[in-house]
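Peer 1: Here is what each chain is made of, one letter per residue.
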Amino acid sequence: MAAVWVIVGIVVVLLVIFIVIYNRLVGWRNQVKNAWAQIDVQLKRRYDLIPNLMETVKGYMKHERETMEAVTKARNLAQQAASAGAGERGKAEGELSSALARLLAVVENYPDLKANQNFLALQEELTSTENKISFSRQYYNDSVLKFNNQIQMFPSNMVAGMTGFKAGEFFEVTAEEERKVPKVSFT
Amino acid sequence: MWEQIRSNQTRSVVLVAGMGVILLLIGYLVGIIFFDNAIGGLVIAFIVWGVMSLVGYYQGDSILLGMARARKISHDDHPRLYNIVEEMKIASGLEKVPDIYIIDDPAPNAFAVGRNPDKAAVAITTGLLQKLNRDELQGVIGHEIAHIKNRDVLLMAISSVLLGTIVILAWYATRLMFFGGMARSRRSSSSGGSGQIIILVVAIALIILAPIMAQLIYFAISRKREYMADASSALYTRYPEGLASALEKIAASTSQLKSANQATAPMYIMNPFRKEKRPASNLTSTHPPISERVRILRSMGGASFADYEQVYQKVHGTGAGVIPASALALSHPASLRAAEAESKEPDKTERVRQISDLMWRLGNYKTITCDCGTKLRVPPKFKEPAVRCPHCGRSNPVA
Chain U
-12 MAAVWVIVGI VVVLLVIFIV IYNRLVGWRN QVKNAWAQID VQLKRRYDLI
38 PNLMETVKGY MKHERETMEA VTKARNLAQQ AASAGAGERG KAEGELSSAL
88 ARLLAVVENY PDLKANQNFL ALQEELTSTE NKISFSRQYY NDSVLKFNNQ
138 IQMFPSNMVA GMTGFKAGEF FEVTAEEERK VPKVSFT
Chain S
445 MWEQIRSNQT RSVVLVAGMG VILLLIGYLV GIIFFDNAIG GLVIAFIVWG
495 VMSLVGYYQG DSILLGMARA RKISHDDHPR LYNIVEEMKI ASGLEKVPDI
545 YIIDDPAPNA FAVGRNPDKA AVAITTGLLQ KLNRDELQGV IGHEIAHIKN
595 RDVLLMAISS VLLGTIVILA WYATRLMFFG GMARSRRSSS SGGSGQIIIL
645 VVAIALIILA PIMAQLIYFA ISRKREYMAD ASSALYTRYP EGLASALEKI
695 AASTSQLKSA NQATAPMYIM NPFRKEKRPA SNLTSTHPPI SERVRILRSM
745 GGASFADYEQ VYQKVHGTGA GVIPASALAL SHPASLRAAE AESKEPDKTE
795 RVRQISDLMW RLGNYKTITC DCGTKLRVPP KFKEPAVRCP HCGRSNPVA
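The listed protein sequences derive, respectively, from chains U and S.
Following the working numbering, the numbering of the first sequence begins with -12 at its first residue and continues without gaps.
Following the working numbering, the numbering of the second sequence begins with 445 at its first residue and continues without gaps.
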């Protein structure tokens, strides 16, 4: 009789541990989802800012048609890739980032544009959106790392395996130098 | 992270209790001296303690912001500051953007207040806003957001309200003793109790010492959190150099914050009453020495908690660290990033101009730019339909 109770006790304890670990995994996964939504918001904001930027810049930059077209094209491609997975999307967004950086670099050649209040306000918003994208990416990747660690480590890997948790995908933007705007020198 | 939050909640309770004991002590002594009734004094002190704790919990943030004469701004008032706060909110994973306040004071300083992460605010002086570039501002805001994220803000709000109460009560008690208490002590000495005189002397000494004791409790818990917030800021921004150079700029300034006092001092990023070359072991210093904070930030090889912990131990030469073990266990490598491009920065003159525009606007002044380029500031009381430009004589309509 006592043996039965011991077995029942062990089963109950295991069940409780299972539930606790499962709930924690769900918490981590929700954090990852939430972080992904954050990136999405900022990427959308960037799509919205680019037409405004083009409109402001158009009148000043007569000789930069190629650079401007590259930005518009990269934006449209990125928007199309919006429904793809983190890996593919990262590539498209990386293209857009570097196209934008090239455009902002040639602004140095147009002092009139640099004095335009409208442009300055847009530039601040763009700079900040770029930062927000990379900060939300940073937070997302940190969350994915924590989540993946939980999925792979004992004992939570057992629970994850039984209930079908899948490891998260990192969001890497391919153009690593996107934050560094190349300096244009006149010498 | 969790351990830090939990230990802060424990500390909040210990602090409120410790301050309560001191307050009860004052009540007891005041009761003995003035009313010949220790119980009455105790009851009053107990009520005052309860009420002030609740005030600190529910109103602490608005009291502190009001005392600092801080004014709330929105995105359009100062887009750069607003955006940076939003950036740090994203990096820290906070759910809500804290309210943003500006203090019109040339002394560079900043602080965060709030009850919980959903109801929090950061305040920054115009002096700091003018001095810092984007990366430095990011570092400072990251530090303040870390205080919100680590639940340091509630601790600050409650403790400064309680400390303020104790200081004020003790002040009045000593004044009362000199004027009102004299008559009674003459009466009691004529009844001939030498024991009563001793009690009186001890009571006076204790009332004078009480505010100092309360401050010691307060200081003891505020220093470690500064290191923790620095480490978090480095992790959020991935650029410890930003905060380091901001701290240097703040330390180099000689102006003192007008609206700060002893009770609110520990909540600022930099002690507003600091003196030159204070020793690190100073019992009453609320903040670790700046040079040390800067040195740690500058020698970090990466941006993670583990990197900060490693450098901290090296600088201090001890095995004891500042980062809680549970936060370290979750720490993962984080690489540093490059500095923001200077070309996108508004320069110092432009920053000063932006802030002066902002302050005029907050004072309800209208700014009209005349065709000759002169900026006209129209006070809110001005009722005429048009104003003449003193520079070129054109008449500008007041919209």
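If you're looking for bench data, these hints aren't it; they were derived computationally from the structure.
Positions of the beta carbon are idealized from the N, C-alpha and C atoms, including for glycine.
Hints may contain errors.
Pair by pair, the computed Cβ-Cβ distance ranges are [stated by the list, open to error]:
1. Q757/S x K153/U: 33 to 41 Å
2. H760/S x N10/U: 33 to 41 Å
3. L780/S x K153/U: 47 to 55 Å
4. G151/U x V465/S: 30 to 38 Å
5. K827/S x D99/U: 52 to 60 Å
6. P823/S x V13/U: 43 to 51 Å
7. K101/U x P824/S: 31 to 39 Å
8. W804/S x P98/U: 51 to 59 Å
Partner residues aside, some chain U positions facing chain S, computed with beta carbon under 7 Å [what the hints assert, rightly or not]:
9. E111
10. Y126
11. L132
12. N135
13. Q139
14. S143
15. F152
16. K153
Peer 1: Are any of the numbered hints broken by this structure? If so, which, sorted upward?
Peer 2: Violated hints: 3, 4, 5, 6, 8, 12, 13, 14, 15, 16; rest satisfied.
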